[in-house]
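Chemist: Letter by letter, the chains look like this.
Number of protein chains: 2
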Amino acid sequence: MHTEAASRQAGLDSADTTKTSSGIVDAYAPVADQLLRVRARLLELADGQSPFLAELLVHVLDTTGKGIRPAITLLSSWFHPNDGTRAETMAVAVELLHLASLVHDDTVDNALIRRGKATVGSIWGRNAAVLVGDFIFATSAVFVCDTGNVRVIRRFSETIRELSSGELDEMAGAYNYRGTREDYFKRIYGKTASLFRTSSESGAVLSGVSDDQVSALNDYGYNLGMAFQIADDILDFQGSAEEAGKPVGNDLSQGVLTLPAIIAIERNPEDNPVIALCRRPGDPEVLAAAVELCQDSSVMDEASAVADRYTWLALESLAQLERNTARDSLEELVTVLVGRRS
Amino acid sequence: MHTEAASRQAGLDSADTTKTSSGIVDAYAPVADQLLRVRARLLELADGQSPFLAELLVHVLDTTGKGIRPAITLLSSWFHPNDGTRAETMAVAVELLHLASLVHDDTVDNALIRRGKATVGSIWGRNAAVLVGDFIFATSAVFVCDTGNVRVIRRFSETIRELSSGELDEMAGAYNYRGTREDYFKRIYGKTASLFRTSSESGAVLSGVSDDQVSALNDYGYNLGMAFQIADDILDFQGSAEEAGKPVGNDLSQGVLTLPAIIAIERNPEDNPVIALCRRPGDPEVLAAAVELCQDSSVMDEASAVADRYTWLALESLAQLERNTARDSLEELVTVLVGRRS
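Chains as they are written, first to last, in the working numbering: chain A, 1 to 342; chain B, 343 to 684.
Just so you know, the hints here were simulated from the structure itself, not pulled from any lab data. Everything numeric in this text was worked out from a predicted model, so none of it was measured. One thing to keep in mind: the hints can contain errors.
[Claimed, not checked] One-sided excerpt, in silico: chain A residues whose CB lies under 10 angstroms from chain B:
id, residue
1, Ala129
2, Val130
3, Gly148
4, Tyr177
For each residue, glycine too, the CB sits at the ideal point set by N, CA and C.
Whenever a hint applies, use it, and build me the whole structure from the sequences.
Modeler: Structure, rendered in structure tokens:
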């Protein structure tokens, strides 16, 4: 489920390690003031609402993380002179969309904790969580309308559609050992890279840059999102349960076959504990053997090489843009979020 | 919960009585061909999707009712020469929005049956229902973007927001006997009248009529939606359980205080079985006494008078428009849906 990825993101977002956190803050430097305004506008959303809705909104908005997506939108608007107003409005929208999707993911997954706080569903019930998620999705769309740009508005709606279809594909593909890399890439595009792409593309479009530059920033967001999700899926097999704050191999234990599992199956499609797990979900010994196979250093290396390829493509996309502070920051963000530079 | 209203709507939509059904079909006559095209476009949505998502979509789209909202959009576009293309696209969007809200309502209410068919949640689980609801919401928004009209797009997003806040208000207001008529009107605006209003207003805007006429059609949709919901809430206290297909007083049994209950409380704020029910939810004897009080003919008459007032306002709004076939149909629709003409 998305929670695996999302809770890792949450970890990154909310400063679980000082190193990552300070790296992100450094990368945000050019847009630090703008991000503060975005944050203030998010917190204002509860004003004037009914007491119950206001309480739910304050709870959700207070879990806002480090704001990777709004930062990408703002930085992507720095390649053409503009007053930044529309990019700021868009940055509010992309963060709201991300928050709405987290609320619904937690509902789908029956998650109890998000970013160290009890989830809406665990406090007010899943019913309230479904509805407040809808409200935040709709509010994000209202913000996008304020940009007045139909191309951006349409792309935004498509992103919500891709997010939900990515999650549904993951649900449908659970324990399906016949799933290919292409199925996996399609899924992680929907659940993660689509919104990264929309974050960068919309900032670019709203700033008024040329189509070539929009395309470069679109590619940047797409490739960064793909690399980010693959790195996240690799991380799920690394470290100890204590370090990660959840069991190692959590994805696999829920039948979600990510890139390492798919590589492990590709290497031995006949006799394979990952396939055995798909046939006997829940067997702890089979799960342990499957996780161990995915942790094999050559499997991990191959998965990392795929992530590196996307990382490289993200950096290549940036190379097509004029060099400025924002480009340096977007480059820095790749390193901080994905952890390596090819 | 919305289900009470929605299942009544479903009843109306899906021909529970021959009289109502044929009345609706008659009222649709001018836009019958357009509605067929709208229906065909809805059914095409599953094409090209992943097998699981396609299966969910076919199930949901196959439950499409009589299409009150798309008919209103189409008829409202008949007051200015235009080729009807944008109104048809918008009609697809309003029906999708309605369907998405029903999917989430059923999820929130754990409903098993909708329009005589098992709900998505009862077949594939609530998790799939949340995500396919999101997908349909987003798809509806993509259709609205195809109209290219930012005013309409924005109003549409606001409607999704009002739908969810209306539902949340209803949830928060359960068993609250201090709720006023104004609270009630705000709630039913959000959960029902907002989309009726958007259905008529968007048809008008997209046809290119003058602001005065947009305003008249906006008022029409708003007032018809309010009258429709109040009539529905009155119906909940009428007839036998067999006729209604669910227990009489179903709203009240779930703590939802609709207009008849509010009127009953207004008349005797001291010693009142409705208030007693709010203090002791679930007591069957107290519930029976509360339902009986709401069924009192003078309470019912006062509630009907409120519905009549909205009905009258809806018809008054139409009187500001030139008389044509569409206006006759919109007038007929008021009679068919709300059942009386003041």
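Chemist: Which hint numbers doesn't this structure obey?
Modeler: Hint 4 is the one this structure does not satisfy, whereas the remaining hints hold.
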